[in-house]
Amino acid sequence: MSEPKETRKTRYLNPYVGGVLLGLVLLAANFVAGRGLGASGAVKSVVATSIQAVGREGGKNMPFMAEYAQSHGSNPMKSWLVFEMLGVLVGGFLSGALAGRLKLKVEHSPKITSKRRLVFALAGGILFGFGSQLGRGCTSGSALSGMAVLSLGGFITMMGIFGTAFALAYFFRKNWI
Amino acid sequence: MGPLAPNEIISENTNFLLAFFIGIAFGWVLESSGFSSSRKLAGIFYGYDAVVLKVFFTGAITAMLGLLFMSLFGWIDLDLVYVNPTYLTSAIIGGVIMGAGFIMGGFCPGTSFCGAAIGKIDAMVFIVGLFIGVYGFAFTYPWWEKMYMAKYLGEPKISTTLGMSDGMFGLLLIIVALGMFFVAEWAEKKFPREAY
Numbered sequence: 000m001s002e003p004k005e006t007r008k009t010r011y012l013n014p015y016v017g018g019v020l021l022g023l024v025l026l027a028a029n030f031v032a033g034r035g036l037g038a039s040g041a042v043k044s045v046v047a048t049s050i051q052a053v054g055r056e057g058g059k060n061m062p063f064m065a066e067y068a069q070s071h072g073s074n075p076m077k078s079w080l081v082f083e084m085l086g087v088l089v090g091g092f093l094s095g096a097l098a099g100r101l102k103l104k105v106e107h108s109p110k111i112t113s114k115r116r117l118v119f120a121l122a123g124g125i126l127f128g129f130g131s132q133l134g135r136g137c138t139s140g141s142a143l144s145g146m147a148v149l150s151l152g153g154f155i156t157m158m159g160i161f162g163t164a165f166a167l168a169y170f171f172r173k174n175w176i
Numbered sequence: 000m001g002p003l004a005p006n007e008i009i010s011e012n013t014n015f016l017l018a019f020f021i022g023i024a025f026g027w028v029l030e031s032s033g034f035s036s037s038r039k040l041a042g043i044f045y046g047y048d049a050v051v052l053k054v055f056f057t058g059a060i061t062a063m064l065g066l067l068f069m070s071l072f073g074w075i076d077l078d079l080v081y082v083n084p085t086y087l088t089s090a091i092i093g094g095v096i097m098g099a100g101f102i103m104g105g106f107c108p109g110t111s112f113c114g115a116a117i118g119k120i121d122a123m124v125f126i127v128g129l130f131i132g133v134y135g136f137a138f139t140y141p142w143w144e145k146m147y148m149a150k151y152l153g154e155p156k157i158s159t160t161l162g163m164s165d166g167m168f169g170l171l172l173i174i175v176a177l178g179m180f181f182v183a184e185w186a187e188k189k190f191p192r193e194a195y
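Residue numbers (numbering that gives the first Met the number 0), protein chains in the order written: chain A, 0 to 176; chain B, 0 to 195.
Here chain A stands alone, though its shape is the one from the complex:
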């Protein structure tokens, strides 16, 4: 009678419909705030706040964060991207809850162990975090939002991200296929 859980779990939005909706959200962000979407910027805000909390001395020795705090007023947590990312957590949770996808688990190919998956997730996160600071934004803030406003840098970063991932795909194929 009821469908097996596996097929229900994989039922996602049509990707082209999802894309149009994503575009409308990005358009709304530009219309409201005059800026696009982002993700890594919120991580940076938390990092900047924690460094500020440790003390002024720490901040002084870190021109990258000091400059950031200055351009965001006294409180880097009061930033557009921090509020937006809190929303992402809520929106993602609601969508997953309604689709029956809430589950605490390590997702990985059956050919690799959970431990291997987590080690690579950590390493990938470190690289992505570092790269997003050097590249002034991640897939959301630099590539997607940059492309919508026709930023040359946005297109270059997009090609850098996807081109490199394609180029390295062969070496990491065991993790995925």
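Since the hints were made in silico from the structure, they are not lab data. Given the structure is predicted, the values throughout are model-derived calculations rather than measurements. For glycine and all other residues, C-beta sits at the position ideal for the given N, C-alpha and C. There may be inaccurate statements among the hints.
Per the computed footprint, the stretches of chain A lying under chain B, defined by three or more beta-carbons under 8 Å from a beta-carbon of chain B, are [said to hold, decoys possible]:
(1) 17-28
(2) 96-106
(3) 130-141
(4) 146-156
(5) 161-173
Once you've looked at the hints, dock chain B against the given chain A.
What follows is chain B alone, placed relative to chain A:
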């Protein structure tokens, strides 16, 4: 009229509140498109699932067209909309490092928060990595400062660089995207997808 916040039509606090609601919609769309699953995201690099390509390019094109039309109708002043600056060196090297992180970690920052929101432990570990990476960059910034600032080109539009109008570039991008969608649909049929 738009953009609302830079034109001071809405207050700073209203802008933050709307940021939260826009974030909810952003997270909702990403999750319901399957971006909370690293195996689905990585599928594009092996041809078995091209959801990333389809959603990403449809999204970018929809927003781009929306902005061009809204500007044409006088609904938004594009001079007040933030255009990402182009620092050539760091845009390329940053992109390359992020690409390596993508194929290893299976997420990007936005999607990892979506995955974490529905309980993916690998996404949570990826986020821990993000923090380590951002701290790492901040602590070692003096080493990279020169590279970070190199080859600053201002805020050029890709259409200007290529010597064409915004509309013409938009049309070209749509044609390229349609071509990629065609290949993507073919690839998804060719490469089998497991149930996950």
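Here is what the structure says about each hint:
1. Check result for the stretch 17-28 of chain A against chain B: holds, 12 residues qualifying (beta carbon to beta carbon below 8 Å, three or more required).
2. Only residues whose C-beta sits within less than 8 Å of a C-beta in chain B count toward coverage, and the stretch 96-106 of chain A has 9 of them, enough to reach three; the restraint holds.
3. As drawn, the stretch 130-141 of chain A meets chain B at 12 residues by the rule of a beta-carbon pair under 8 Å; at three or more, the given contact holds.
4. For the stretch 146-156 of chain A, the stated coverage by chain B holds: 11 residues have a C-beta nearer than 8 Å to a C-beta of that chain, and at least 3 were required.
5. For the stretch 161-173 of chain A, the stated coverage by chain B is satisfied: 10 residues place a CB nearer than 8 Å to a CB of that chain, which reaches the threshold of 3.
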